[in-house]
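**Student:** In this text, residue positions in the sequence shown follow my numbering: the first is 1, and each later residue adds one.
Don't read these hints as lab results, they were simulated from the structure. Do not rely on the hints blindly, as some may be mistaken.
[As the list claims (entries may be wrong)] Here are the computed lysine to aspartate or glutamate pairs in the EDC-like style, where the Cα-Cα straight-line distance is at most 20 Å:
hint: 1; residue 1: Lys13; residue 2: Asp82
hint: 2; residue 1: Lys13; residue 2: Glu40
hint: 3; residue 1: Lys13; residue 2: Asp25
hint: 4; residue 1: Lys103; residue 2: Glu92
hint: 5; residue 1: Lys71; residue 2: Asp31
hint: 6; residue 1: Lys71; residue 2: Asp25
hint: 7; residue 1: Lys97; residue 2: Glu107
hint: 8; residue 1: Lys90; residue 2: Asp101
hint: 9; residue 1: Lys90; residue 2: Asp100
hint: 10; residue 1: Lys71; residue 2: Glu57
hint: 11; residue 1: Lys71; residue 2: Glu40
[Claimed, not checked] Across the chosen pairs, the derived CB separations fall in these ranges:
hint: 12; residue 1: Trp87; residue 2: Thr22; range: 32 to 38 Å
hint: 13; residue 1: Leu106; residue 2: Cys39; range: 48 to 54 Å
hint: 14; residue 1: Arg93; residue 2: Thr34; range: 17 to 23 Å
Every value quoted in this text rests on a predicted model; they were computed, and no experiment measured them. For glycine and all other residues, C-beta sits at the position ideal for the given N, C-alpha and C.
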Amino acid sequence: MAQDPTDADLLFKALADPSRRTLLDLLYAHDGRTLNQLCEHLDMTRQGVTRHLAVLEAANLVAIIWHGREKLHFLNPVPLQDIYGRWIAKFERPRLKALDDLKQRLEKPNG
1 MAQDPTDADL
11 LFKALADPSR
21 RTLLDLLYAH
31 DGRTLNQLCE
41 HLDMTRQGVT
51 RHLAVLEAAN
61 LVAIIWHGRE
71 KLHFLNPVPL
81 QDIYGRWIAK
91 FERPRLKALD
101 DLKQRLEKPN
111 G
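Let the hints inform the model, and build the full structure from the sequences given.
**Tutor:** Structure, rendered in structure tokens:
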């Protein structure tokens with residue numbers, strides 16, 4: 001029996017593709033881009049970029065705002081911060097503590 005993907009599954013799936021990561025980088029550099037503006041930086045069809053944006057939207061990494069007839073795409077960094085808190089920060093703390101301990105030992109006067 002198939003299960004509905006969790007938010008984390010959608011997020012990691014979205015981040016797994018280099019083209020989608022490029023789209024996120026483009027939005028980070030300049031938020032509020034149209035599909036045409038995003039297509040200028042990728043070697044793929046508009047339909048391909050649209051599919052990648054749909055995956056990013058499903059993962060809540062991209063938000064859409066309509067400005068008149070233009071559809072603007074904005075980066076939503078909140079899910080990335082959640083990944084950082086859950087998967088990265090907890091592994092950083094021991095490494096940073098080890099570096100601080102090493103610094104303290106190296107700076108301790110010999111005596």
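**Student:** Would you mind confirming whether the straight-line C-alpha gap from Lys71 to Asp31 stays at or under 20 Å?
**Tutor:** 12 Å, holds
**Student:** Do the Cβ positions of Arg93 and Thr34 conform to the proposed distance bound of 17 to 23 Å?
**Tutor:** 41 Å, violated
**Student:** CA of Lys103 to CA of Glu92, is that 20 Å or under?
**Tutor:** 16 Å, holds
**Student:** Straight-line Cα separation of Lys13 and Asp82 no greater than 20 Å?
**Tutor:** 15 Å, holds
**Student:** That 48 to 54 Å hint for Leu106 and Cys39 (C-beta), does it hold up?
**Tutor:** 52 Å, holds
**Student:** For the pair supplied as a hint, Lys71 and Asp25, confirm whether the alpha-carbon distance does not exceed 20 Å.
**Tutor:** Measuring from Cα to Cα gives roughly 18 Å; hence the hint holds.
**Student:** Holds or violated: 32 to 38 Å for the Cβ distance of Trp87 and Thr22?
**Tutor:** Once the Cβ atoms are compared, 22 Å apart, the range 32 to 38 Å for Thr22 and Trp87 is violated.
**Student:** Compare the distance between the alpha carbons of Lys90 and Asp100 with 20 Å, and conclude whether the hinted pair is satisfied.
**Tutor:** 16 Å, holds
**Student:** What's the verdict on Lys13 and Glu40, does the C-alpha distance respect the 20 Å limit or exceed it?
**Tutor:** 24 Å, violated
**Student:** Going straight from one Cα to the other, do Lys90 and Asp101 come out at no more than 20 Å?
**Tutor:** The given pair, whose Cα atoms are some 18 Å apart, holds under the 20 Å limit.
**Student:** Is the Cα-Cα distance between Lys97 and Glu107 20 Å or less?
**Tutor:** With a Cα-Cα distance of about 15 Å, the restraint between Lys97 and Glu107 holds, given a limit of 20 Å.
**Student:** Please work out if Lys71 and Glu57 have their alpha carbons no farther apart than 20 Å.
**Tutor:** 13 Å, holds
In terms of the numbered hints stated before, the structure departs from hints 2, 12 and 14, listed from lowest to highest.
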